[in-house]
Structures are given as C-alpha cells and as structure tokens.
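Residue numbers (my numbering), protein chains in the order written: chain A, 3 to 401; chain U, 30 to 317; chain Y, 244 to 1425; chain S, 333 to 483.
Check each hint, because a few of them may be wrong.
Straight-line C-alpha distance at most 30 Å; calculated DSS-like pairs for lysine-lysine [said to hold, decoys possible]:
no. : chain 1 : residue 1 : chain 2 : residue 2
1   : S       : LYS446    : A       : LYS380
2   : S       : LYS458    : S       : LYS447
3   : Y       : LYS288    : U       : LYS231
4   : Y       : LYS1292   : U       : LYS101
5   : Y       : LYS1379   : U       : LYS231
6   : Y       : LYS1275   : S       : LYS458
7   : U       : LYS286    : S       : LYS458
8   : A       : LYS230    : S       : LYS447
9   : A       : LYS24     : S       : LYS458
10  : Y       : LYS1379   : U       : LYS96
11  : U       : LYS231    : U       : LYS96
12  : Y       : LYS1275   : A       : LYS30
13  : A       : LYS30     : S       : LYS447
14  : Y       : LYS1379   : U       : LYS107
15  : A       : LYS30     : S       : LYS458
16  : Y       : LYS1267   : S       : LYS447
17  : Y       : LYS1275   : S       : LYS446
18  : S       : LYS446    : Y       : LYS1292
19  : S       : LYS446    : Y       : LYS1267
20  : S       : LYS446    : A       : LYS30
21  : S       : LYS447    : Y       : LYS1292
It is worth saying that the hints were derived from the structure and are not from the lab. Owing to the predicted nature of the structure, the values given are computational and were not obtained by experimental measurement.
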Amino acid sequence: MGVGQFNIIDDTNIDLDFAEVKGFNISKLNTCLQCGTCSSSCPTYFAMDVSPRKLWRMLALGLKEEISQTDTFWLCTSCNSCTIRCPRGIPVADTMREIRELILGEGMQPTPEALNRLRTLITESHNMMGDDNETRLIWSDNLPEGLGEIKRQADVVWFVGCVSSFYPMAYKIPQSLVQILKKSDIDFTLMGGREWCCGFPLVTAGMSDAVNALAVNNVSQVIATGAKTLITTCASCYHTWKHIYPDMLSHFPKDLEILHASEYLARLVAHRQLSLGPVERIVTYHDPCDLGKRNGIFDEPRFVLENIPGLELREMANHHQNSLCCGGGGNVEAFSPDTVNTASNNRLLQAQQTGASYIVSACQQCMRTFTGGARKNKIRIRAIDLTQIVYEAIENSAS
Amino acid sequence: MTFIEDQIRQTARKYLENDEVSCVIGYERDTRGRSRPVFIESVDQVDRLVWGPDCNLNLASYLHERKHSPGKDQPIPKTAVVLRPCDTRAINLLINEQQVARENVRIIGVTCEGSEINGSLRVDCEFCQERVPPLYDDLILTELPVEVPESADPYADINEMDQWTPEERLAFWTSEFDRCIRCYACRQACPGCYCFECVAEKLDPHWVSIALEVPEKMFFHVMRAYHLAGRCVGCGACEAVCPMDIPLGKLNRKVAKEILELFDYRTGDSIETHPPLVCFNPNERLNL
Amino acid sequence: MTKNSAPRMPIDPECCPAPGDTENINSPNLKAENFQQNESMNKDKPRIGVYVCMCGSNIAGTVNVPKVVEAVSHMPNVVVARYNKYTCSGPGQQSIQEDIKANKLNRVVVSACSPRMHERTWRAMLTNAGVNPYLLEVANLREHVSWIHSAGEMTTRKAVDLVAAAIERVALHDPLFPQRVPVTKAAMVVGGGIAGIQASLDLAQAGVPVYLVEREPSIGGHMAQLDKTFPTLDCSACILTPKMVDVASHPNITLLSNSEVEKLDGFIGNFQVTVRRKARYVDVDACTACNDCVKVCPVQIPSEFENGMAERTAIYRPFAQAVPNAFAIDKRGEAPCKAACPAGIHVQGFVALIAEGRFKEAYDLIQKDMPFPGICGRVCHHPCETECRRAEKDQPVAIEFLKRYAADWAFTHPEEFVENTAVYNLKGDDLAGKKIAIIGSGPVGLTVARDLAANSAECEIFEALPVAGGMMNVGIPGHRLPKQILEKEINDIVSLPGIKLHLSTPVSLAPEVNASAMTLERLRQDFDAVFVGIGAHLGSRMGIPGEDLEGVYSGIEFLRQVNFSHLNVDLGSQPKVGKRVAVVGGGNVAIDAAMTARRLGAEEVSIIYRRTRDEMPAHDWEIEEAADEGIKFIFLANPLEVIADQGSVSAIKCQRMRLGAPDSSGRRRPEPIEGDTVTLPMDTVIMSIGQKLDAESIEINQGSKGWIAVDPQTFQTSERDVFAAGDAVTGPVSIVEVVGTGHQAAESIRRFLCGQELLAGLKQGKTTKETPGYYEPAAWDRTPRQEISFREAADRNDFDEIYLGFTEDQAVAEAKRCLSCAACSECLACVDACGVGAIDHTAVDTFEQIDVGAIIIASGFDVWDPTPMLEYGYGVYPEVYTGIEIERLSNASGPTEGNIVMRNGEKPERVAILHCVGSRDEHHQPYCSRICCMYSLKLAHLIREKTSAEVVEFYMDIRSFGKGYEEFYERVQHEGVVFVRGRGAQVLPQDDQLVVYAEDTDLGQPVRLPVDMVILATGVVPSKGADELAHKLHVTRDINGFFLEAHPKLRPVDSNTDGIYLAGTCQAPRDIPDTVTHASAAAAQALGLLSQPYVEVVPTIAEVDELNCVGCSLCVEVCPYGAPTLAENRGRLVSKINEALCKGCGLCVAGCRGKAIALRGFTDNQLLSQIETLLQFSMDER
Amino acid sequence: MSESFEPKIVGFLCNWCSYAGADLAGTSRMSYPQNVRIIRVPCSGRVDPLFVVKTLIDGADGVMVLGCHPGDCHYQQGNYIAQRRYSIMHRLLEFSGLETDRLFVDWVSASEGKKFSEVVTSFTEKVRNIGPNPLRKKAESGIDVLEEVSS
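Just chain A, same shape as in the assembly (with noise of 0.2 Å):
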C-alpha cells in the first residue's frame, strides 16, 4: 500500500474495539493527542514508513490491514523516550512491544526468519548465540590467575548475562569486575552453566510466552546460591530480574535485593572499599536506556565516575532522562542492522562533539554496539563500559 493510494476509511475496515478485544491499555490510548512527541522522539523514526503517531491512529481505528502491513514496530528500539516525553503519560515503548505480540501471535505478518532463529536458539541452548551453555564464563579463560574456585553459597550472585559471556567485544567488562570483586574481597559467585539467557530478547521480540522456563531456572539457581544480593552488568538483565521475572513468578524472593552493576559499584566507593587512582582522561557517559530513562538510575554511575581523580566527565547533549539510544536495544539488530548503525552514529557524533575520548556506558549491549559503530563509521571514540574504567582507576592506585 504506497503512500499515494488512499484507502478510504468505512466499516469494511474499521473496528473500534480492535484494540480493546486485544487487551491493549484502551483507556490511556484514547487519551492520544497525536502530537507526534513520540515520533519525533524516536531514535529510527527516519527509518520507518508510517510514524509511532500514525501507528497509534490505526490501532485506535482497528486498521487490522494497515496495521499488518508497516514494520514501524519491527524498527523500535524500545528505549523509552517516547513513554518518558508523552505529554499523556501513555505507555507507548510497551504498546509497540504489544503489537509485537500481536502480530506474531495473530499471524498477520510471518515471523521474520532471524527472530525464529533467536527463539529456538534461546529455547534450546539457552543462550542467544546458540554455543554451548557450560562454556558461558570462557572469558575467564585469559585472566592471569584465572576465576579460582567458585563457591556454591555466597551473599552476592553475579549473573553475568549473554552479551558478555558469549561476545569476545564485551569480554572485558567480567574481567575488570571479577578483578574488581576479588580486590574489595567480597563474597561473590556465579552460576556458569547453570545461568539461562533471562529471556529479555524474547520479551521484546514480541514472543514472551517463551520466557517463562528461563525465569523458573534462573530463579531457583539463584536461590540455591543463598544469596542475598544480586548484581548484574547488563541494564536489559537487570530490568528483567526486577521487574518482568516479580510480575512472571508469584514464588519470587522478595527479600533478594537486585542491583545493577554501577549502583554495586557505588555502593563501594561510598563505604570507601575501593581505592580509585587517577585516570587522566576527559569522558562522556551515555545513560542506558534500560538502565537510566526506564528504571531511573542516573547519579550512582556519575558518582562513581566523580569520584576517580584526574578524571573529567562532560555531558552530551542528550543526558539523563533526555538521552538517546545507541540503536542495540528491542533486536532491530536481527530486522535492520544499517537502521542501528545510524543510530549508533548519531549517538557517538555527539560523544564526539563533546571532546571525550572515552564514551563510558553501563551496559554491555551499548558498548557492543558503540564498539561496533564506531569502527564501521571511523569515530575516533572508544567505547567501554563503567567497570573497565573502574578496574583501570584502581590499577593506577595500586602503583
């Protein structure tokens, strides 16, 4: 359907209570100014035929037909600027993740190939790269005195996650950590072959009847450990151990304490248990968006980065809850690669504009995808993740 043939709006395909009959949040989606905030907002909104506004248009007329036919929602990164910005309140980013399920639970489009591929893969190697489950702290391999031996019981759990298991970009970020956790001597342990993909790429894809095994393993494997805290590097993990895994399982621990990896990080800066030295460096940071605009967290990063001496952190244009995507989130990876790749571009153009060397993220799927981008578009910008810069800081106390 181009953009020039109109289809005239009657009964033969209007349906006011589509969207009711679907289970969508009607009553806030009614309250829709079509101002556009959203789209203007999107970070691939110029990748897409028919913007996040029209979409909601037709959801509301019950356009099954338009609907099926745009992949506008196949290109959201689920970043959450558009929730943050409706000037209603609607929750927009979850309504495309909505439709997601929708269509593919409806069938009115066929399943893209790369998203069915992510499915089985999850399912049956239980993790998104499809190696060999046991083989998930292999990072470890090359750390000089290796992970030691792993305790069963400890008061910290640290679930690692995909990105950073499986991706030899992103090996870095166990290995300053681990680093970091030995030298502050906390009792910490992971579950290697024992820890499943928490299903957060599922979720998003649209297709999170699948996640509920995931939940039950990872949860029990948890309580195994007796641990009372949880720490993760990965911002998606994290959203999902607080709040998709409490809102799936009724049995979940409510005592477990779940904390991002930064929020860990400054918990011991502030209690003094790391000795930072100096990092003679200027840096930006870029909030993750699961991470900052959909669960709040913006200060402990900074504050631990303020706190490393010799250090200077500039902001971007973008910051806190105005700040912009870099592209890797919600798989538009799997749909539309060159679509992230602008959108990582555009990210680290304004890392760039600020003067940094380094751009400093909180999450391993950003620094997976900035790593990326910034070779493909040869921005001179490097890319690492908070506890990399960390482990550097206290390298250079230690001489």
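Based on the hints, put chains U, Y and S in the right spot on chain A.
Relative to chain A, chains U, Y and S alone:
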C-alpha cells in the same frame, strides 16, 4: 506498732497540734484487722493510724471532698494525707487540673515496699523503680533501706497480650467484663475520676444504657481508660477495690505505655508539662 | 502597633446594642429576645414535615422516592411526608410553607441535595414561614446517594436510613438565634497585579476604604513586564499605568507596598489582619526618584523585573512607571563578612567600592569603624575571610589585603584627603564640655579617644612610654608593620581637635605604689570619666632557674627594645643577640621575636614549644613565613633550666613531652616523659609564653585571671566612673577585636556622661542571624584568588615589609570575586548621594493591625520555569527563551530598548515558538494555561514586525477562544507566520543554530528545523508563596495549587471561607480580559457583604452547663480561639464561653469528660440519635 | 464470610474538607459501595472517640472519621488534636479486641473526590473481609421499618 506507723503518728500529731491542718487522712484497722481509710481530726485519735502492705488505696481521692470552701468566704480546709510514691504523683495531676492547691495539702510521703492485693504483691510494684515519693512535705523512711528491683520492662504483661490475636484478646476481655457488676467502685477509688455525674449514668446526653451487658460494660471501661489517658498515675486503687478482681489496671497501663512511646509523657512528673491530649505538635504525623 | 482600623459605619440601632456601647462592640450581648420569633416554638411536641425531592431525575433516577416517603411516614412525630419534583423551586418551597401553616409544623426535614448547596435556601424558607431556621435537617440524597449508586433496593434503603436519621435528629433540635455582628466597612486586597488593582478601584469607587497589600516595592504585577497585549496590541504600560496612578491617588485606597500578610484573626465581616510592613530603607514620601543613588551604588545583580536579562543596582526602582514611584533597597540580611568583623566594618561595602576603583570612598568607609585601616590591613587575623561564602566554592575573598590596598592608596594620595579623615565623621556635641582621661595610647585608647572626640568631648591621653600606639608600635616588629603607616594613622587621631597626648607620663591608680604619679583621686578632680587601656605589656615568667641571667629576655621586652631602637628612643641599648637563639612559646609574639632575632644577626633561631605544630596558637600563615626564613621548630619540649657559662647563657635544658588528653581549651595537655631531657647549646633565650597586666599600677579589682574585671557589655569597672577595655581586660587579642571593645566602651562612657541607661538596647553579644536567603549568582565564574606579591625569604634580612601588597588591577580583580551576599553592601554611598536624605539603612520591619470586613486574594501567577524539561535545553543553550523574556526584549524600556535580538546582538533569521511547554503534560501541569497560544501569536507578530525573521510555531491546538482572538490568529497567519501541527519534542544544537525536532502530523513526516532562536510558550503556575498565604488565611487550594473556589460554575469568586474572595489568576490561569472581569466580580461580591449593616454569625457555638463543670480547664487549653475562660460561679471556678470568639469547632465539647459543654446544633444527643437510627434502621437479620 | 455480608459503616465527615470531598465525588459521578452512612460534623475535633466506641457497640461493622489535611483545618488545630486522640483510642480498641481495622481515620481535602471514593471502597472491602462486628446487638426496640420496605 511498726517503725513507719510511729513516724506517721508523730507527723500527724505535729500537724494537728500546731493546727496546720484540720484533718489527717490515713489508714486504720477495723475490728477484723483489715485496713480502711480514716479521717483523724483531733490529736487524741492519732494513734488509730496504721500502715502495712494492705494499705493499697489512693487516699488522694478523698481530697475531692475537701477542695471547696464549705461556706461563703470561708477558706478551703487544709488537709494532711498519707500517700505512697505513686499516689503523690496524683497530687501533681490534681494541681494541673485546678482541683487542688499545693498549699492546702500536706503530703506525708511513705517510702514504699510495694502494696498487696488479696495478699499478693501488685504487678506494678514488682518492677516499680520509684520507692521514694517524688513529692512530699514529710518523708517517712523504712527501717532498712528498700532495695529497688533491677529495671525490668514494667509493661511485660501488656507486650505479651499485644502478641495475642484480636479474637483471644476479645475473648479475654469479654469474659472479664462479663463479671463486672457496674458497681463503679473503681471510679470512686480513682483520684482522676471526679465528675459530678459520670457519662455512664447520665440521661442528658444519654450515651449508654444501664444494661448489664458486655457491650455496655465494655463502653464504660474503655471510656474510663480513655478518660484516664495521660492522667492515670498507676496507683492500682481501681484493682484494689474491684470486688470481682477484674485486672482493670491492664487497660490503663496499655494506654500509659502508648502515651510514653508516642509523646514521651509520664503522668504527674511535674505540674508544668502539658498533658498530651490537650496540646499538639503541628509537625507530628501519627499513624492512625 | 499602630491601630489603623477603618472608620466605623454608623451602627444600625435596630439590630445592634445601643450606640455608645462601643467597648464590647466585638462581643455584643446576645440575648435571644433580639428576635421576634415566639418563644413557645420549642416547648411543645415536635410536629415534623418530611419532604423528599426528586430533583428532576437526579435523585429519582436511582432512588425510589415514593417508597422512601412511604417508609418514613409512620415514624414518630412525622405529621406530613411528601415528595416533590423540585423542592428548591418557587412552587416547591411554597407547598412546604403552606404545609407548615396548615399543619402547624414546627420542624422540617428536606431530603435533597447537599446541605452545602441549599441549606441557606431552606433556612430562608422556614424563616419566612415563621419557623426558627435551625429547626431544619437536610438529608443529602443526591451527592451522597443517587449520584453515587446505581438504582436498586440497597440505594433506596440507604436513602431511607438517611432520612430516618434526619427525622430523629430534627426532633431534638432547639431554635437557635444567629449572632448579629456589625460589618467593618473596609476591605483588604492581597496582591497588586491588574486583578488587585481592578478590585481595589471598584471597591474604592463604591466608597469602601481599601487596603491594597503588595509584597513587591511596586504594584503592576506581570502585566507591567509586557510589551503589547493581545488581541488589540495595546501597549501594556499605556493601559496599566493610568490605573496604577488611580490606585495611588484614590482617597479611599491605602497602598501598603513592600508588605505581606502576617496573620489573620476574626471572621466574616470582622477580620483583624496583621500586615508586616517590610523595611524599604527609603522613605517613600521623601524620595523624588531622581536616580542619583543608582549612579553611586557599586552592586550589580540580575533584575527580577527583567527576568535576569539585565542587571540592576542594590538600591533600585523595579521599572520607570513604578507605583509608588520610589526606590527600595534589596537587603538580604547582614553580609557574613560584616557580621563576623568584631569592629563592625562594612566589609562587603568597601570591597564593592574597590571593585569599581573608588578607593577614596572605600578608605572613608573603612575608617568609619576602623581607625587603623593600614595597620589592620597587615596584622588582622581576618575572621571575615573564614566566614566568606566564597570559601564554599573555591577560596575566600582576600579582604585583609584589599583593606591594606585602600589604606596604602590613601597613604600615597594625601591630596585626595583635604581635611583629616577622622574629622568629618563628627557625630554630635552631646559631650561638649566633658573631659575624659584616657590611660594608655594603644589601639583601644586611641579608638575611645576618637569616638568621644567625635562627640566633641575633650580627651587627654596619658602614655607611660615615650611613644604612642602601645603594642602596635612597640610590640609588632617593623617587617610586619612599617613605622610610617603607624605614624600617619596615630597622628590622624592624635591631631584631632579635643585630643591631647601626654607621652612619658605614667599614671598609677594605686596611690601607695608611686606617690608622684597621677592618681585616681587627682584625676577625678579634673576629669568626668576615666578610661583604662593600658594593655598587657609585662611578659610572663616561667619561674625556672637561670631565667634572670643576662641574655634571657621576655618576648615583649625584647620586641619593645628593638622597636625603641628603630624609633631612636634611647631607653637602654638594643638587645644583643648571640649566634644561637632559642625562643620559648608558640604564639604570634614568639614568631615575631624569632624573625626579629634572625634580622638582628642570629645565625640559628629555633622555637621551642611544648605541644606540636597543630596546637600552636600563632596564625598558620605566620608560622609559614617563619619556616620559610629557616627558623627551626623544636616541638614537644619544655624548658627546665637556662644553663650559664661564666655568667652568660650557654645552653637550655628541656624536658621531652608527649600529648595526653585535651585540657579545658580543647588542646591536648602535654605530659613530661620521665627522665627524657635534652640540653641544647644556646647564646640567647627569649621567653615568650604570655603577657600579663602591669598589676601594681592599678588598684581596680582584677578578675580571677589577673585581668581587669568589667561588665562584659558596658565595660564599666567596679568604680562607677572608670571604664576599661583592650588587652588589659581580655588578655592579648587581635587589633580588630580590641577596636571593637573600644567602640563599645566609648558608647558606654558617652551614655554614662549623658546620664543614659548603659544597658538599653545592647545586643546580647554578636549572634549571627540565620542566613535569610543570601543572593546566589546563577552563572558561576571560577576566577582563583589573586596572589599577593612578597619578598623572597632569602632577601628578608632587614625590617622592610615582607608583603608588598596588591597592584591596582589585582585589587580590582580580587574585589570583583565578591558574591554580593547581602545584595546591598551597606557602603552608604547612596546616603550621601541622596539630596533629600530619604535613605535609612537601620530601618526594620514593622507590623500593623488592620480591621477589614472582606478580603480579596489576588496573588496572581508565576511563569513556569522549563528547566526540568531537559529536552528543550532552557538555561543550557543561550538562544532558548521563555515568552516573558521576549516580552522584555521587545519592550522599549527593556534591556535592548525594544530590539528583538539574540544574545550576540544580531537579528534572528528564523525563530521557532514551541507551544504547550509544561502545560497539558501529565509529568508537569496537566491543565491548559489558556494564555500561551495567544501570547505566542502576539510574539510571532512582534518578531515578524521588528525583525522580519521567519517564524514557525509548533502547536497541537491553537486556542483562540476570546473576542477578536480568532481574527488575530488569522491576521498573524496573513503576516506569514508558519504553523506546524506537531508538538516540539526536543531542541538540539547544530553548528551555531538550534534544531527543533517535531513531526508534522498533517503530513506524517519528521521535521528537523534549524532555527536561530527558540521561544518556549511556558504555562502558568500559582505564584511562589501562595501556599503560605493559603495557610495564613485558612483557605484551601486545589490539586494544582490554585486557590479553590466555592463552586466552579456558580460561585467562582467565593473561597470556601466566608468573607474571603478570589480575583484573577490566583484561582486559575486566565488572560487579562477574564482577569479584569473576575476581579470586578470579586469586588461586587465583597460589596454585597460590606453593604449589609450586620452579618449573621454562625449560632452553632458552645454552651456550658455550669452545674456539671468541674473546672478542670481542659477546654481552656484546647480551644484555638481562647473562647473559654475559668470564671467564679457560686464559689467555684467554672468555664465560661466568650460567644463572640467561639467558632463552633467542638474541640472542647469532644474533650470535656463530664460532657458539661454542648455544641448548639451538634449536641451529643443529636449525633447519638443519628448513630442509633442509622444502625437500627439498616439492621438486616444476619 | 459469605459474600452476602454487607458491612454497615458509619462515617463522620468534617464539613469543610472531607464532606466537601464527598460532595465532589458525587458531582463527578464517581461510584463507591453503598455501605457507608455519612454524618456531618463541624470538625474532626468534634468527634469524641467515644462516638466511635458507641457506634461499634451499637453494632456498626466499621467507623470512618475523615478530617482536613494537617494545616488545612478551618479551625486551625482541630485535626491535630483529633490525630492525638485517635492515635490513643486506636491502640486501646486494638487492645480490647475490637481489631483496629474497624476504625479508619484519614485526611481528605475538598478537592480529593477521587481519594474519597477510593478510601471508602478499600475500607468497605477490608471490613467485609474481617466480617461482622462480634459485639453486634440485636435491634431490640423500635418498629423495624425495613420489613415494609423490603416486602
């Protein structure tokens, strides 16, 4: 005649001889040896005064009879009264509520070894830390110094009842109040209860009927505990006089415990402090 | 408090007590027979009429009204039970009145809408039918039943319950007779914006005296800031200023500018408002607004009127057409530096003057309080710098060096000072003819002499030493304080008329010690008062063996002799100093002695101190200087003995110490280490362990520690006519503290000689007031503190000064670092500049009690600050503006004289205006602010007209609803303004432009428009401080913080509190036409109240049953209005209610244990009847 | 507890704030359970806690006392004193076995119609869960008018 009784008599004789007071209120023994209050108005009767652990009433209540001038421009009579430490704090209460003037009362404060109800030591006295009266004109000492029990939690029984389920507590009080015969002895013995006409007996406004049913009796006892909030000095007189031995003191101690926790206020410590229910702190937000 | 009650309206005799009975006008006698109702009403059996209203279908829709009527018709006392379609209508009321007459009904139950809606209607209906209006009960069947629940048996049963309860209750009602209280025919309007102005003028026109309270120095509100107004493009000032002038000139209007409501008492028709008249420091009547003071004011801070786009001075007039057209001074408390200075120097003042290069005025300001600017600029311990707020950000302002610069400038520019500086601050002549003897010419003696001479007293200073200046001259070495500065500042004082100096004339006040010297008795014959300022010139002794050897000096004597040699005074030769010198002690004198010894040729000087570096009392910058010059420090050592070799010093034996627990002064007490001693070869030993009073020379009793005992506030000694201050009283302290005590002693002497009370009005010591909102600079410049130049340690072998002082540029740059904490720096330049002497810096807030009958709140609005919306970058990108800022740019009297230009001065080529910023937004203001669309259109027009730039407006809806508004929208479209239907989502920088991100929802395409300027059409929020005002006036506010109206549609200008009305944007956002309409409506409502002779006050108040009251005073303590008091009644103290004060809250009634107080209309029985009926009626058989 | 148990709740509402809030809930056509019967009082400070005890022993299943938010009281301090009185009566009632869940004291302003309806709904549910008042007294006197209505 014990060491204490001797001192009481001498003090009474002193007051009566130099006409400082027109009456000394104390205890005497009746024909069957049981203690009962007595009004001594002449020196020769002084030897009737006795003292013992069974003197467990709060004689301050009798001051209500002698707080007004008997006739036109006649002075308010001066009275001496034998009081235990907890009783003396009731004097502060009555002063604070404009009922009694300090200069009209001579307090004969007795160092207390704990009083008994039906022969057994009162619950409050087990943990009582205040053996010497905080307020007195004459202090009556015991022969050997009274040892003060180590500071246990005075509200242990209350805390224990707090753990019960509501049903258990309701069952407990329903059975207790069931035995109440509404004789109002507790009200008469209490220094804090001096209304001309008690709400429980008023027709206009008509709050509660005179039925001997649990709800009505519960209304009376909850009302009394509420009316004594921040006013009960814990003298135990109500429990002492109750013919049916109902543990009325528990209700008052529960309220006293809450007031101590909420407003850090203990009744009768001084006449300056404002009783909790007539003042407020605009910044406090109490959970209701 | 000046009683400023309004002129009373002639009292209508019919309704109130006889005229002349004025003293209890506030509590008239309230006998019931004021009214004509016959008394017998309530004695006989109740005959109740029950009426259930269908209210059209509002009630009948869900409640089976006939069944309700049927259910209650058989209840006791019910004579008539009927339902009707509209009870509140004329026929509805008439049918009830007929029923009353026909069936002799004496009580009525109306079951309809909320009593808060029509209770007044039913009461009037009963009164007309001859029944007491309070024999009525209303059952709320509409708001509490029919509108809430769906039709059904349960709903009908609930209705029956409520009606039955009302019937049981009304049977117990007694007739009540409302109090009639006269109305004070005056009104108060709070807030002087256009709403307040309009309301005031309307009221004044109607002959009502109006008190307009405005918290800013001028009325005018936000409208005064506007350039043009929509839709007619009238110039805002042109239509506003005439009204402002009317307000100022109207005989009925009293304008209380710069004032706030402090407290409200009373009730409708009889309010007593306490107004705080904030100190303005400028006499409004005297000020001619000639602007001379602005020319001399050194302080520049952002102007609130210009929204921070331009600066204003501390003494300012908000805008040219201000009314009252007078200046005001922005004082924000006492600057922390001035508060910390013991001598009370106007620190921020002289620093601000230096920042503008006005050094002469700076010097004059300093020497008003500090007679020795040059000296103090060099040796002060500068407590002001420790309090300087700049210390929180980086380093404090170098105040001491700035003071020194001003003094040095004065020293090098004598031609600037025609007369002797000290002369022209002559204060008065109340001490003419009085003679005062001053013993000691140290800093305190000279200060006292100067202060008394300024009051034309004759002072004679007796100095024992051959030189004047005391410790300044003989105690402080040359390298710290050059002699020529010292000489000049001493001569400035000594050469004053009325001061005579006698050198080398010791005065002993102890007759038996020194018969020849002047004694107290002989002084008393010639002088009226004596001041003792002899300082502490005796060095304390350690009392260890060898202390008297030759070559052992006390620090004081050593420095004195050195200084004598410099002043070529031959009192004993210059002290000889060996190769190795030991200075014992840790204070400033020890440091000075050590550095002096080095300059006299000692090769190795070491300071021996029994504690460590941290505990040394000397200032650490002086310890620094000594260390730089190579002086050694031997810590934790205490001299035991000075060892001699052939009569001259050869070594000193010391005891090793270690630090134990802190002593009373908080310093850790040194304890000897047994048997651990050390002997150090020394040639000279200088004992500098403290100073003592030369006790023999004075017989006035000394305190415990050997200092002269004086009254700490008046400095009067045990002898009535002898005063003392300075080191002799306090022990050795810094010059600035000594000068401070000098001022106070001089004031006490002046009062003593004038026979005034010494203690009156003395502040109880210098309590630093709580910091009332110091000025906080928005942008923050990080310039570091200037470095003062000084001579290198190597070439500091002579007695020339170490520090060389600031250059002029350094001084000005350093002075500019001052944060202007208290805004007005109290440099007093304006006082001299003001031709009519209208300025008084010592003014304080005053309070006025004003009696009014009605209050109109017109507190207005504030423009919302869009900073929280990070996506627009307001405050980050300079070219992002709010609407009000553009108003100021385009206003001819604005910062750019009307040219709409960017911060860099150039005209913008393309401007974007973003609508609905912060409004219609769940995260900020959910409501529409109504004015932003129209003022955006107007701004677009102005920009097109003045800059012909392209203007693009990003909107969701254009709300042009008013008269002429749509036409104005069309006109603006004609003028080429482009409208994009899409809310601006974010603004990001690109090169030197800003890019607006939006979606053109008409085309469904993304928009990324680069523009030069972005204007945010921010919404409207209640004015700052509206919440405190609401609490003070007991008026409720709505969810968004605006004042809550009694009814949104039917009573938009009434508040929930009777007698208080709302005008303008304080109640809800609205534009100027609506505001004026709303204000006139409020004035009309107020007039409705004020034109009545009396007002009926709620009769449901408390009533005591004396027989039952035990007089326990619970009610007295618990009542918020003090209505109950204990009063004598038949020989007993019983509670008595002052019926004029009681508001009927029922606190005492609920608290009274014996139920001896009843609340008329809400008695216990009435409430109990409701409870019992409600529970009994709806008792289902479970 | 059979679903058919309809608790009887008496509400004491202060004329200036909570009663006006209830009116607003009405004018905004909100809906809440029918169990509450409202009695208008000048201030929450007028409601002697003994009224609550009296209402409970007369058979009510739940009592609500709603006043103005602290600081908003038309009589300046009525709600402050009420707050103290009820903090004590609440604990006394709990101690004497009438669980605290039968007494609900809160602050509702004149503009909080929505809060009023929510508060009534949640309290009615809570009372319904804990069941009828154990002290329920039979209505021993007075004609039982309800027979005629429900027949």
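Evaluation of the provided hints:
With a C-alpha separation of about 57 Å, the suggested pair LYS446(S) and LYS380(A) falls outside the 30 Å cut-off, and the hint is violated. Note on LYS458(S) and LYS447(S): the hinted pairing holds, with a Cα-Cα distance of about 16 Å set against a maximum of 30 Å. Distance hint between LYS288(Y) and LYS231(U) is fulfilled; the C-alpha atoms sit about 23 Å from each other, no more than 30 Å. Restraint check for LYS1292(Y) and LYS101(U): not satisfied, since their Cα atoms lie roughly 64 Å apart, outside the 30 Å limit.
This hinted pair checks out: LYS1379(Y) and LYS231(U) have alpha carbons roughly 22 Å apart, not beyond 30 Å. As the CA atoms of LYS1275(Y) and LYS458(S) are separated by approximately 38 Å, the hinted pair breaks the 30 Å bound. The hinted pair formed by LYS286(U) and LYS458(S) meets the criterion: a straight-line CA distance of about 28 Å does not exceed 30 Å. For a cut-off of 30 Å, the pair hint linking LYS230(A) to LYS447(S) is broken: about 37 Å separates their Cα positions.
In summary, the hint linking LYS24(A) to LYS458(S) is not supported, as the alpha carbons are separated by about 33 Å, beyond the 30 Å threshold. Between LYS1379(Y) and LYS96(U) the CA atoms are separated by roughly 20 Å; this keeps the pair inside 30 Å, and the hint holds. With a C-alpha separation of about 24 Å, the suggested pairing of LYS231(U) with LYS96(U) holds against the 30 Å cut-off. Note on LYS1275(Y) and LYS30(A): the hinted pairing is violated, with a Cα-Cα distance of about 39 Å set against a maximum of 30 Å.
Our distance criterion of 30 Å between C-alpha atoms is met by LYS30(A) and LYS447(S), whose separation comes to about 20 Å. A hinted pair counts as satisfied when its Cα atoms are at most 30 Å apart, and LYS1379(Y) with LYS107(U) qualifies at roughly 28 Å. Note on LYS30(A) and LYS458(S): the hinted pairing holds, with a Cα-Cα distance of about 29 Å set against a maximum of 30 Å. A hinted pair counts as satisfied when its Cα atoms are at most 30 Å apart, and LYS1267(Y) with LYS447(S) qualifies at roughly 26 Å.
At most 30 Å may separate the alpha-carbon atoms for a hinted pair to count; LYS1275(Y) and LYS446(S) meet this at roughly 27 Å. Pair hint LYS446(S) plus LYS1292(Y) holds up; C-alpha atoms about 20 Å apart against a cutoff of 30 Å. Using a Cα cut-off of 30 Å, the hinted pair LYS446(S) and LYS1267(Y) holds, with the two alpha carbons roughly 27 Å apart. Proposed proximity of LYS446(S) and LYS30(A) is supported: the alpha carbons are some 18 Å apart, at most 30 Å.
For the proposed pair LYS447(S) and LYS1292(Y), the alpha carbon gap of about 22 Å is at most 30 Å, so the pair holds.
Consistency with the previously given hints fails for numbers 1, 4, 6, 8, 9 and 12, ordered from lowest to highest.
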